Each structure stands twice: as C-alpha cells, then as structure tokens.
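Student: Here is how the chains run, residue by residue.
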Amino acid sequence: MKAAEKSTLFDRVVKATPGGEALAQCLQCGSCGGSCPSAVDMDHSPRALFAMINAGMEDEVLGSNTPWYCVSCYACTTRCPQNIPITDIMYTLKQMAVQRGHYDHPHAIKFSETFIGFVEQRGRGFEFGLATRYHLFHRPKQFLQPTQVFKMGAMGANMMRRQRLPVRPVSIREIDQLQAILAKAKVVAAKEMQA
Amino acid sequence: MSQKTYTYYPGCSLQHGNHAYEVSNRAVAKALGFELAEIDDWNCCGATEYFSLNRLPAYALVARNLARAADGGATEVVAPCSACFLNLYKTDKHMKLYPKLNDQVNEALGAGNLSYKPGTLKVRHLLEMIITDVGFDMLKDRTRRPLYGLNFAPYYGCLIARPDNVLDSTEQPTLMDQMIEVLGAKATDFHLKTFCCGGHMTQISEETAYGMIHRIIKNAVDSGADAIVTICPMCQMNLDVYQGYANDMFGTKYEIPVMFFTQVIGLALGLSPRELGFGQEFVNMSGLIDKIQSSPPPKAKAARRPKEALPMPVMPE
Amino acid sequence: MSEQRVGVYVCHCGHNIAGTVDVEHVAEWSANLPNVVISRDNKFMCASTGQEQIEEDIKEFDLTHVVVASCSPHMHEKTFRNACARAGLNPYLFEMANIREHASWVHASDKDGATNKAKSLVSAAVHRVIHQEPLQPMQVDIRPETLVVGGGIAGIQTALEIADAGYHVYLVEREPSIGGHMAMFDKTFPTLDCSACILTPKMFDAGSHPHITLLSYSEVEQVDGYVGNFTVRVRRKARHVDEDLCTGCGSCWEKCPIKVIDTVFEAGLGSRKAIYRPFPQAVPKYPIIDVENCTYYKSGKCRMCEKVCPTEAIRFDQEDEILEVEVGNIVLATGFQLFDPRRIPNYGYGRLENVFTNLEFERLSNAAGPTEGKIVLRDGVTEPESVAIVHCVGSRDKNYNSHCSAICCMASLKFAHLVMEKTGAKVYNFYIDMRSISKGYEEFYHRIMEEGASFIRGKVSEITDAAHTPEEEGKLILVCEDTLIGRPRRVPVDMVILSAGLEPRADAQEVGYMFGAGCGDTGFFTERHPKLDPVATVTEGVFIAGACQGAKDIPDSVAQGAAAAARVLATISKKQVNLEPVRAEIDESRCSGCRICNNMCPYHAIDFIEADGVSRVNPALCKGCGTCVAACPSQVINGAHFTFDQLIAEIDGIMVDVTAGALEVV
Amino acid sequence: MSDNGTFKPVIVGFLCNWCSYRAADLAGTSRMGYPATLRDIRIMCTGRLDPTFVLRALQKGADGVLIMGCHPGQCHYQEGNYKAIRRFALLKRTLRQLGLEEERVQLHWASAAEGVRFAETVTRMTKEITALGPLDWSHNWPNEDPYALEEAAHE
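From first to last, the protein sequence lines stand for chains X, V, A and F. Heads up: the first sequence begins at 4 in the numbering used here, then just goes up one per residue. Heads up: the second sequence begins at 244 in the numbering used here, then just goes up one per residue. Heads up: the third sequence begins at 428 in the numbering used here, then just goes up one per residue. Heads up: the fourth sequence begins at 58 in the numbering used here, then just goes up one per residue.
Bear in mind the hints are in silico, worked out from the structure with no lab data behind them. Do not rely on the hints blindly, as some may be mistaken.
As the list claims (entries may be wrong) - Calculated pairs, DSSO-like style, for lysine-lysine (alpha carbon to alpha carbon, straight line, at most 27 Å): (1) F:K65 <-> V:K339; (2) X:K194 <-> V:K365; (3) V:K343 <-> A:K538; (4) X:K194 <-> V:K343; (5) X:K18 <-> F:K184; (6) V:K343 <-> F:K149; (7) V:K496 <-> X:K18; (8) V:K550 <-> A:K538; (9) V:K333 <-> X:K113; (10) V:K336 <-> X:K18; (11) V:K550 <-> A:K686.
Computed from a predicted model, the values in this text were never measured in an experiment.
Sequences and hints are given; from them, build the entire structure.
Tutor: In structure tokens form, the structure reads like this:
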C-alpha cells in the first residue's frame, strides 16, 4: 500500500487552515449548524461536512454548496465547544473547490472573482461596476428577467440618486506595488501547494 | 487637551456607497477633538471574497495596509467598517500566531519593498476606540441635544463581536447600549443584536439574505425601536437598502431607519443632519429629529409581577 | 570515607522509557561512573522481579547505595526504599532518577536528547547518593479524632462510617444545615426514590451521633501540623440563637416580618424569613438570623423574634466563636457548585423568564418547594404544554468547562419523567451523547424513551424569543441542528430546563492550599493516583471524597466517602505513622548565634538559647523546607537528605558531560 | 553540547518538590513535549536554594539556570518562595556585575496543575538561551574540577 501515501482530504484541509488541527476533535454536536444563519439553504450542515471530510468523501465535500453559503459571521466559530476555526475551514474548502475546478455553486464564486478582479486592477472595490458586471455577465438570465431588470434598475437609480454609487472607479496611487505583492504572494502560495 | 491623531483605515465602502458614514465620522471626530489621518495610499481589505478564493494573497493584500501604516510610524489603526476591522485584526493576529504564514506574507510584501512585524499595530474598531478613549463621561459632557424619547435598537452585527471578543461579549454585548443611554436615548432589548445581516448574500441568494434581514428588522421593531444603530457599512446597506425587498418577500411594511452610530453621536452633540450625511439613506431618518423630546420621558415603571409569580433569577450587575 | 559501592538500575518501564531512551546504553554507560559496581537494565523495576534483583545485588555485591532510574519519586520512591530496607540497607541510602516523566515522556521526538538527559540524571543521582546518610523515619502518634469538611452526602457518609467505628469526628459545614445539594433534590435517578426520604435519616444520625461533633454554620480558617497531629482553627459563625435554649419551635420565623428570597436552598425560587431554618428537616434544627436583612441590625428596632421566643434563646449580641480542634486525619468533602448558565448569554437564562436551571426545577418539582411540587411557568400558575431539557450546559465545552459533568444525562432523564408524569407535557431532550454508564442507568434511559420523551441529538445553539413564524410567537424557540437528520431545527416550547454542569467550588484553590491538596486542570482536587489512589491527596493524612474530586453522582459520592473513611480508620488503627526525617539540625559547636535563621523559619521552630549563645531547631515543629539551611551564613545548619554536599554533588554529577565530556558515546 | 554547529543549551533546573516538580511530572503524564535542555534537581522548597548552587551550575558549564517554585502565596511551607524571591534579587545583582545576561538565570512559578505552563517555560527559556549562545564558564572559570581527577582514575 505504498502507493496510497497521498495525504488524505482531512490532512489537506487541516494543513491549509490556520489552527485547523482542532478539526480532529469535532464532537459532531451540531452547534455550528444550529448557529448558522444560512444553514437552511446548505445541502450539508458544516458538521456533516466535517464527518464527510473525515470519511474522505472528496467529491461530495468539494461539490457541496455549504462553504458558498457561509456568510463569514463566525457564529459557529465562537460557539464551537472544541474551538474549531469553522469559518476559516469554509474558506479553505472554497479554495480547494476552485483549485479543482469543482463547484456546484457558480454565482458565489463569480461574484468573488469579479470583486477580486477589481481589487487587483485598481486596489479598491467598486460597487456599481461590481453589481452590474456581476449580474450582467454571470447571471444574465436573472438579470434580464423583466422583474429583475426593473428591480435592479430601480435600486441602481435609487442608489445613484442618493449618491451611493460612484460612476467612475477609483484607483490607488501605487498600484504597481500592490500588484507586485499579490503576484509574489501567488508564487509563494503555488510553491506551498507543490511542497 | 492636545488633539490626538489616529491612523485611519476608512475602507472602500465609505468612499461612495456609505459616504454618509465617512461624513459623520469626520464631523464627530472634529466635535470630540480627535483627528483621523488616512493610511497613505491604502488599498481594499479584500472583504470576505479574497480570503474565500486565495488565502495567501488575501493576507498579503491586507498586510500592505498594515505595513504602510507601520511605516508611517503608527502604533494603532482605527477602522470604522467591521469587515475591514476584522481583516486587519485577523491578519496581524494570524501572522503573530503562525510563524510560517508570517514568513510567507513578508516574502510577498518584500516584492513591494515592504515588511510588517506582527504586533506593531493595535487594530481597533472606531466604536471601541470612541467608547474607550473618548469615554462615556466626555460624550455626556459634550452632549448638547440629549436624545430624550428616542429608542434605538443597538445592532452590532458579527465581526466586531466575533470571532474575538473586542467588546464585552461575543453574544450579547452591551457597550453600545450603554453609549446610547449616555446620549439620553434608550437602548431597546434587542435580542438579535449580533445576528448576521447576510453580508454578501444579497448578491448570491436573495431568499437567504432577505430572510436574515427580515428577522433583524422584525426583532428591532418588536423591541420598540424608532431606529436601528449600526457600526458597519455592510450592515447599514443590507438593512436599509434591502429593507423594501425583504418587505416584499414577507408581505410586511416595516419602515425603520438604519443609522450609523456616529450619526447618533453627532445628533446628540448638536450637529446638523447635513453635517452628518443625512439623506443618503433609503428609509428616511430625518423624522427622528422631530421625535426628540425636551426632557427625559418618565421612567417606565417595571411591570409588576403578579403575586403568585416566581422570582426571576438575580442578575449580577 | 570507607569504600562506596553503588548499584544502578535503569528501568524500561515496558515501552514507556525504552521507546525513547536507549536504556541499555544508559545502563552500560553508568557502569563507568565513579563507585558504581553493578549497573543493570530491567523491563519493570517496580515488579517483584525488579525489586528482588535489587535485594539480591545488595547482598551479593555488598552495595552501600542504590540508584534506580525510572519514574517520578512521587510514584515509586517508597517501593524501592522498601526493597532496600528488606535487604538490610537503610532506605535513605537510595536515590531515584526520574527518566520517565522528566525525559522519555516529554522528549519523545528527540531520542538522543532524551538519552543524554537520562544519562545526566543518572549521573546526578550516582554522585549524590554516596553523600546520603542512613536516616531513621520519625514516628508520630496518630490522634484518633478526624475532621470532615463539608456536610453533603459524601461528608455525612464519611463521618458516620468513622463515628460508627467508635472514633470521634468533627463535621464542619459552611451552611446552617448539613445535607448539601442532595437535600434540595426531589427524586433521585434511576430508582426515583425521594431524595429527602433517603437522606434525612442519615442527617439525623450525623446530628445526634455520640461520636460526631457537628459544627454547622462554621468554616475552617487555618490548618497547622501534619499527619497524625493537625491543629485546625474553626470559625463558628454567630447564629444569634442560643443553641442550648432553642427548641426549634418555629415561633420566631413565623412572626418575623421580613421576607427574603432564598437563593441558596430554594435556588432563588422561594423565600424565607430574616430569621430562618433552611428547610424543615434541617440538622441542626436551630434557626439563624440573617444579619444583612434583619431590621434590628439595620435600625435597631423590631426584635419580634426575641419577643415571641418562648425560651428566650435569641442573642442579638452573639459573636463568632473560634474553636481549635486537634485531629489526626482530615477528609475534604466540599462538593461542587453549579455552572452559572448566565455565562452563556445565547441560552437567555435570566432574560427569558421561562428558562430554568436544573436546581430551580428540582425545587419546582419538590413537594416541599415553593410551588408544593407543581410544575409551572415563572408566572406561578400556567402548566407548560411542552418542555425542552438541554443537556451539557457549560460542560463538554472548551469555552466553559471541558469536562463531562457525569450526572446531567441521568438527571435530565429524571426531569423528563417528572414533567411527563406531572403535566403530561411534550418533552424534548437535546443531547450530544447519552451517557448512561452505571448500574440500572441504561434501563432508565429505555424507560423514559418508552414513556414518550423525544430525543434530539444536537447541542442547542441558542434559545430565543425572536419568533420566525406565527406558531413561534410567545414561545421559547430552541435553535439547533438535528444531527441525526442533518438539518437545522427550531423547536418552540413553553419551558426550558438547563442541565447546568458541575464545577469546582469557586474557592477550591484556596481551600486546597489551606489543606495541602492541589487542584488539577479542571479545578477539582487532585487525587494521589487517578486509578489506584483516588481518595488520598499528596499530603499525608488529607483525603478527598465526593464531587470535590470530580463530578459524580450520589452512589459514587457515598462510595468514595466510605472509602475515605476506611483509609482514615486504617491509619487510626496503626496508631503511629512514619514521617520523612527531612529535618534541619544546627551544629551548635559552630553556630555563631547570629539568629538570622530564627526569623527565617515560618513555623517558629528555631529558638535562640540564651544560655549557650546558639540557636536550636525543635524537630517536632520543623517541616524540613530548608529555608534556614540556605540562609545560615556559617553553613552550620544541616538539612537532612538535602545537605549542601549532596546537592553540590548532584549539580556536579548532572553536568558531568559538560565538564568532562564523559557523556559522549564511547 | 554542540554538534554540527547547532548549539543546544544546557539548563540546570531547581524545582520545588510540591509544585513545580509535580508540574513537570504532569507535563510528563500528559506527554507535553519540550526541548531536552533542562536537567532538573529536586529540592523541597525554593527557600532551600542556596545561591551557591546557581553559581556552581554555571561554573560547571550550564548555559542557564531555571528556578521554579510554587506561586507566591501558595508555598507548601507558607513563605519559602518569598525568601527565594529576595535571594534571587540579590543574586541577580551579583550576576549582572559579572556581566551575565538577564535571561540566563530565571525564576518562575508553576503549580502542580500547571504542566502546560512548565513545558512552555522550558521551551521559551531554551529559545532565549539558544539565541544568546553558549556561556562557557566551565572553560573561562579557574577550574579545579574534582571530577577531572575521577575521570583520570577511570581511564
């Protein structure tokens, strides 16, 4: 069985998460799933996901919508009786799903990618561009539904009327510095992945 | 008293979508005698999105701000947005806790000729800073228009209370409640004060997001509040801008203004609505000013418990 | 110095030491240390073969000193000393090197480092041991009296066992009556017999036993002495009632105009008067005056109790009394305190009126309680139609107490039974794991299931009154994940009972310090050995029983109380005990009479003898700490078994490799 | 003490019988790992610690000395650790005059329940002394080492 030296899903999740070792001590009590404000829409509760990670059910875990429904509110993390950094594990699972190109919930990742695109280009977020570009390019069907167009359009107009949407994006001065840092960070991250 | 200057990280959202927050922060700072000096050429903190997709660049993104602030000689940095606050706080903390991460982040920073030693900066939220450094005594002292008769639902949201407890409780903090009372108003018994506003869920799953927003608004109104007080632009946006949609989805007609806490302080300090950025909100908040009474309302008598009722547990002060 | 012949024995402890430390190498290497004539390694030195090896070698090689490198001296020093003694060698010519707790177990990832350290520790012991001298243990008489601290079920059991054997017991209880938590309970699991019915006869026996002096409403303030001869100072708090005159008739509390909420016995649900007896079966039967609430102490007026007392027993001017008792042994049975669920704000206790603690529920259900046994909501009248029982409140949670409180599963089942029996309400138990491990407990669990209680496997995340749906309005909603279904659930109920866990008393640390009993990382008193000596502590003559040692139920508390009594009776019947001869002694011929040592001694054991111009140690008072030894400017105080020469030799020995490079593998 | 150029310090520990020695035992029974740099000597109480012992250890080549006792107020002998605090202050003054770095000789507390604290203290002190490098008093100190003779005898 020497060929099976490949590290387990559990090991990889633990390694990629700061403080992730605590995952080994999950009691399966469900206080995460109970505390989660968006748990009703998740296909597996975080607790179930942890049991699945233990069982090595890689396809099901990385295909689950659970991490994408995480709102990063940390309610599970503070209430976890075993101090497992659950929110950070959700981040890890999202990254692993993206790296594998295996995710069933494209809206969330597209939204995140659009957002990150702006940040990497300009160093700042840009809400108007974000909302329109995200909806136009990634959810065109919904966006072009008459009711939705009306809704989004009305909100956009309302936002602009209240000067809450900038029309033009803002950039930081030393964007080169930021881009160099992010490029280097990606190299360092890739190096770690290989190791 | 010499004017104290704080290194300030406003965050993207305050530049446009929630400019009212920026306006009121500046106005209140001036009135309370401290200055907010932006980190030179700061960049976005990445919100929750960056951490979701690429952990190490996300830490590096945030660390650039920490490095630039520390380079400017700062020992603390104040953020008014809870998400920005947590990203700055967490990056500093994790770099301190995990030496390997620290090395990696600094390797990335090196590409921009920067470095950051974790622990150099104390990352603080504007609310905590005002409560601790300015203090209740000074707030009371500077109050020109006590907010008698107003009832506020103190909404802390997630990221100041969790994962680390920078206020007085991760579940039911009371510091902003106390602040509201100092300003002459009443803080309502608002149980969902740290329940999540939904964050970016509005963009991903309306059903989920509006459900959460609706619960918060309902609980705030049920608690007898005239307005909700927030400390985070994301919370304000979700509760204010999407209030109508949540009403549509649940067939309710709530119309409760959602204010920034510095707008509440500003009102009490006697600043004008214009100085505090009123008018950007979806649910109009100007009506609140007319509700302010000239003297404190009579203390509501504690409801008499019937003779046969059992005593409530004694609560420690 | 005549010829020294040292035997060295390095223990494998199975794999415990040998798995990390190269014990064969250590033994081989030790053979070259000065004065060593025989060096061996052995699988288990503490086993009879290991001990016999020592005995044989002492005879065969004519050993003058013995070193065993194995576990902590706190574990087996006695064992090996006895082995030496059996072979005719004075036990104080033996020394131990701790290469398990201090080496193999803590340096598992550094085998070379652990082996090197083991060598240096063995060398230290070999260098030290040749300076050790034969000593005779001090024999002291054991006083037959015993102090039992705490009058709950464990303390009562201990006191009765010892007293029934004919020896005198001082039973000290902080509260006005003995009985402890058990006196507050309604029924006991799994038999459902009435708690008071089985406890009160024992309370009565303890209160009237000719060999028990009951010191209720009293606290221990100071403990001096050592096994066999403790001197204990007890403060008897003023009851303001003359116990010799009082008949416990009750006229005083019937007429007392001041009503106070009783947060102790009634868990805050009921009230008592400013002069009161905690409960009808209280032992002793005398009332006390609550000075903080009594009108007389506030305004100097009222004196109603004094007026109505038929025997003129009220004593407003009574003061605390200090009592000194001499005892040979002490048993701590100080019990537990309940976890305060206010520490979990998301459970709403104190804010949501129909959230109750387990203790509150015991009082509700108790026929002698504030509702005469009616299970009602906080309004005092409404019977609940649905009740949730939350397990593991403050237990098994690193944010609060990480230990399992051991009793809550069974107590929660009992609550479920009582609710269903008395109200017919629907009952939901929220649990993480059901633990029904003692005799008859699993059967009890099955019985409650059969009676119709619902079980939801999930730790409750939150209890709220923020309704989601119309059906939830006005209810308490328990939010959790039903882990067996894998979906979040919201369960609306009328009443919630929180099974709050058991935790060490807030002052356990201080109390432990006063008696020389340490607290472990959960805060409960630490037993001498977790498996083999669960009732003794590290201090000779101080024993522990009941929930102060760890969360446990009534049968276990009673068993441990009886076990502690057996241990006490064993020492009493031995009549004498051997004490370590670790004592200071002054070489008067070289004492300059500077008196520096006199003030150093915390026990005032050193006196200056004017006539001779020298200081002298009273060995009966000396405890062997060595503070005076280190202080003497002329170095003429000898601290037996920790002499200057012995410790210097130990330092030199421990550094032998660094100074001479001798640790290098040959 | 030093092989392949990596410096592993030698720290001599003086542990009181009642608290810190038991804390070390607890660290053992709980299998808490810490560097194998500490070599400990049991004394009944930190009050027994003759400053000579510390100097002797340093003279014999220790790179550091760790003294651990019961927490202040929790001494098994009531106040032995207070005596230790006072003597420690005087000793530190002397050591400072000899040019010894502050981190080399440390006084800490650990109750019998604080195995974690014990392990952490040893780990931290090892790091600090590793950073300082060897002390090497055994070679710089006028040496009339009794064991040099014994060694010769053995050879």
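Student: Next step is simple, just say for each hint if it's right about the structure.
Tutor: We went through each hint and held it up to the structure:
no.: 1; hint: F:K65 <-> V:K339; in the structure: 25 Å, holds
no.: 2; hint: X:K194 <-> V:K365; in the structure: 31 Å, violated
no.: 3; hint: V:K343 <-> A:K538; in the structure: 26 Å, holds
no.: 4; hint: X:K194 <-> V:K343; in the structure: 13 Å, holds
no.: 5; hint: X:K18 <-> F:K184; in the structure: 25 Å, holds
no.: 6; hint: V:K343 <-> F:K149; in the structure: 36 Å, violated
no.: 7; hint: V:K496 <-> X:K18; in the structure: 49 Å, violated
no.: 8; hint: V:K550 <-> A:K538; in the structure: 73 Å, violated
no.: 9; hint: V:K333 <-> X:K113; in the structure: 25 Å, holds
no.: 10; hint: V:K336 <-> X:K18; in the structure: 18 Å, holds
no.: 11; hint: V:K550 <-> A:K686; in the structure: 14 Å, holds
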